[in-house]
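A.B. asks: Sequential numbering of the sequence shown, starting at 1, is according to our numbering.
To be clear, the hints were calculated from the coordinates, so they are not data collected in a lab. Even glycine gets a Cβ: it sits at the ideal position worked out from N, Cα and C. A few of these clues could be false.
[Said to hold, decoys possible] Pairs of lysine-lysine, BS3-like flavour, derived with a Cα cap of 30 Å:
#: 1; residue 1: K69; residue 2: K21
#: 2; residue 1: K11; residue 2: K72
#: 3; residue 1: K21; residue 2: K44
#: 4; residue 1: K69; residue 2: K44
#: 5; residue 1: K11; residue 2: K44
#: 6; residue 1: K44; residue 2: K72
#: 7; residue 1: K11; residue 2: K69
#: 8; residue 1: K21; residue 2: K11
#: 9; residue 1: K21; residue 2: K72
[To be verified] Derived Cβ-Cβ restraints for the label pairs, each shown as a range:
#: 10; residue 1: A36; residue 2: E9; range: 25 to 33 Å
#: 11; residue 1: E9; residue 2: N34; range: 27 to 35 Å
#: 12; residue 1: N53; residue 2: T25; range: 13 to 21 Å
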Amino acid sequence: MFLEIITPEEKLFEGEVSYAKFPGTDGEFGVLNNHAPIISTLTKGTIEVTDINNLRNSFEINGGVIELKNNKIIVLSD
Numbered sequence: 001m002f003l004e005i006i007t008p009e010e011k012l013f014e015g016e017v018s019y020a021k022f023p024g025t026d027g028e029f030g031v032l033n034n035h036a037p038i039i040s041t042l043t044k045g046t047i048e049v050t051d052i053n054n055l056r057n058s059f060e061i062n063g064g065v066i067e068l069k070n071n072k073i074i075v076l077s078d
């Protein structure tokens with residue numbers, strides 16, 4: 001999956017990932033390759049990402065929205 005995490009100031013992350021976990025408004029949720037399309041709001045918390053080399057990163061956000069479609073994830077965050 002291709003993931004972009006974008007804030008008004010900068011692009012925090014851009015690249016291929018095998019797994020990502022998000023702080024959804026109704027609770028945390030994770031996505032894998034070929035996940036069904038989804039649009040969701042995000043709350044303050046941590047986005048956890050595992051890239052294709054099995055390296056893990058995390059990003060603190062204050063909220064935002066996520067769109068996942070055709071293995072492309074776009075996160076617009078505060």
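A.B. asks: Now, for every hint given, state plainly whether the structure supports it.
C.D. replies: Hint-by-hint comparison with the structure:
A hinted pair counts as satisfied when its Cα atoms are at most 30 Å apart, and K69 with K21 qualifies at roughly 16 Å. Restraint check for K11 and K72: the C-alpha separation of about 15 Å stays at or below 30 Å, so the hint holds. Distance check on the hinted pair: K21 and K44 sit about 13 Å apart at the alpha-carbon level, within 30 Å; holds. Distance restraint check for K69 and K44: the Cα-Cα separation of roughly 23 Å lies within the 30 Å cut-off, and the hinted pair is therefore satisfied.
The straight-line distance between the Cα atoms of K11 and K44 is roughly 18 Å, inside the 30 Å bound, and the hint therefore holds. Straight-line distance between C-alpha atoms of K44 and K72 comes to about 22 Å, which keeps the hinted pair within the 30 Å bound. For the given pair, K11 sits about 19 Å from K69 by alpha-carbon distance, which is consistent with the 30 Å threshold. The suggested pairing of K21 with K11 holds, with an alpha-carbon distance near 18 Å, which does not exceed 30 Å.
A hinted pair counts as satisfied when its Cα atoms are at most 30 Å apart, and K21 with K72 qualifies at roughly 14 Å. Roughly 31 Å separates the CB atoms of A36 and E9, a value that falls within the hinted 25 to 33 Å. At about 32 Å, the CB distance of E9 to N34 agrees with the hint of 27 to 35 Å. Between N53 and T25 the C-beta distance comes to about 31 Å, which lies outside the given range of 13 to 21 Å.
The structure fails to meet hint 12 from the earlier list, while all remaining hints are met.
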